[in-house]
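> What follows is each chain in one-letter form.
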Amino acid sequence: DQQVKQNSPSLSVQEGRISILNCDYTNSMFDYFLWYKKYPAEGPTFLISISSIKDKNEDGRFTVFLNKSAKHLSLHIVPSQPGDSAVYFCAARSGNTGKLIFGQGTTLQVKP
Amino acid sequence: GAVVSQHPSWVICKSGTSVKIECRSLDFQATTMFWYRQFPKQSLMLMATSNEGSKATYEQGVEKDKFLINHASLTLSTLTVTSAHPEDSSFYICSARGRGRGEYYGYTFGSGTRLTVV
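Sequence lines, in order, name chains A and B.
Going by the numbering used here, the first sequence wraps up at 112, each residue one higher than the last.
Going by the numbering used here, the second sequence wraps up at 230, each residue one higher than the last.
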C-alpha cells in the first residue's frame, strides 16, 4: 500500500527551463510534506517543505505547490541547472506518529 | 546546521556474521532516530523508530531480532544486523530529529551505509 507515489520514474529537461516533479498521496492525516534531493550512495538532502495548511512555499529556484483536495503536490525548479540532476524524493509526515513516508523517487536529468 | 554522522559508509561481511552501523548527532540531541533501508532504484523504506532510552518500534515485516536498534544516548543510535544474509545487502540510512542550541532540528539524514553480505 503505497501512501506516497511519484508516478514518473524519470524526467529530462533542458538547462534553463522549468522542471516539474509530481507527487500524490492517499493519507489525509499527513500534515507536512518535504522534498529531498539524493545522489547514489549518499543520504537525502533536504530541499524544501510545506505545511498542509499552506498551498505554496518558495525558496529561491524551488517552489512547492500543495493541492489538498487533489492530494497532490509538485516541486518546480526554475531555471533548471545541470547540477540539479539527481533523484528527487517526495516525503510526507504522519501527523500522528511523526514518521516520514517516502515516494519512489524521480530521476531528474538536466541537459546543458 | 545539524549534522548526523553515519559510519561506516560501506562494509562487506560474511554470511552469518553481525554488523553494527552507528549514527551520531554532532551538534544536537537526537530524541528520535529513524532507520531506513533502500534497495537499488527504490524508495527509502522505514524500518524502525527509536526514542532515546526506549525500545525501538519496528515497522510491519521488519524482524526486530535481526535488526537490533539501540538508542541509549541522545547523540548515538546503532543498528546491528545480526546473522547477516546476502538478502540483507542494502543501503541503510538513519535520520535524526531533536533539539540543540535552542533550535529544533527535524529529519536530518546520515550519509548512509552500503552493506554487502557475501
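One thing to keep in mind: the hints can contain errors.
[What the hints assert, rightly or not] Chain B stretches covered by chain A per the calculated footprint, using a threshold of three residues with CB under 8 Å from any CB of chain A:
| hint | region |
| --- | --- |
| 1 | 156-167 |
| 2 | 183-196 |
[Unchecked claim] In the DSBU-like style, the derived pairs of lysine-lysine whose C-alpha atoms are separated by at most 35 Å in a straight line are:
| hint | chain 1 | residue 1 | chain 2 | residue 2 |
| --- | --- | --- | --- | --- |
| 3 | B | LYS167 | B | LYS178 |
| 4 | B | LYS178 | A | LYS54 |
| 5 | A | LYS111 | B | LYS153 |
| 6 | A | LYS37 | A | LYS5 |
| 7 | A | LYS71 | B | LYS153 |
[Said to hold, decoys possible] Sample of chain B residues facing chain A (criterion: CB under 10 Å; computed from the structure):
| hint | residue |
| --- | --- |
| 8 | CYS125 |
| 9 | LYS132 |
| 10 | SER201 |
| 11 | THR220 |
Please keep in mind that the hints were generated in silico from the structure rather than gathered at the bench.
Cβ coordinates follow ideal geometry from the N, Cα and C atoms, glycine included.
> Would you mind marking each hint as holding or not holding in the structure?
Hints versus structure:
1. 156-167: holds (count 4)
2. 183-196: Violated, because only 0 residues of the region 183-196 of chain B bring their Cβ atoms closer than 8 Å to Cβ atoms of chain A.
3. LYS167(B) - LYS178(B): Between LYS167(B) and LYS178(B) the Cα gap is close to 15 Å, so the pair holds against 35 Å.
4. LYS178(B) - LYS54(A): Violated, because 41 Å separates the two Cα atoms, which is more than 35 Å.
5. LYS111(A) - LYS153(B): It holds: about 21 Å lies between the C-alpha atoms, which stays within 35 Å.
6. LYS37(A) - LYS5(A): holds, 16 Å
7. LYS71(A) - LYS153(B): OK: LYS71(A) and LYS153(B) at ~25 Å, within 35 Å.
8. CYS125: violated, 17 Å
9. LYS132: violated, 18 Å
10. SER201: It is violated, given that the least Cβ distance between SER201(B) and chain A is near 13 Å, above 10 Å.
11. THR220: holds, 8 Å
In terms of the numbered hints stated before, the structure departs from hints 2, 4, 8, 9 and 10, listed from lowest to highest.
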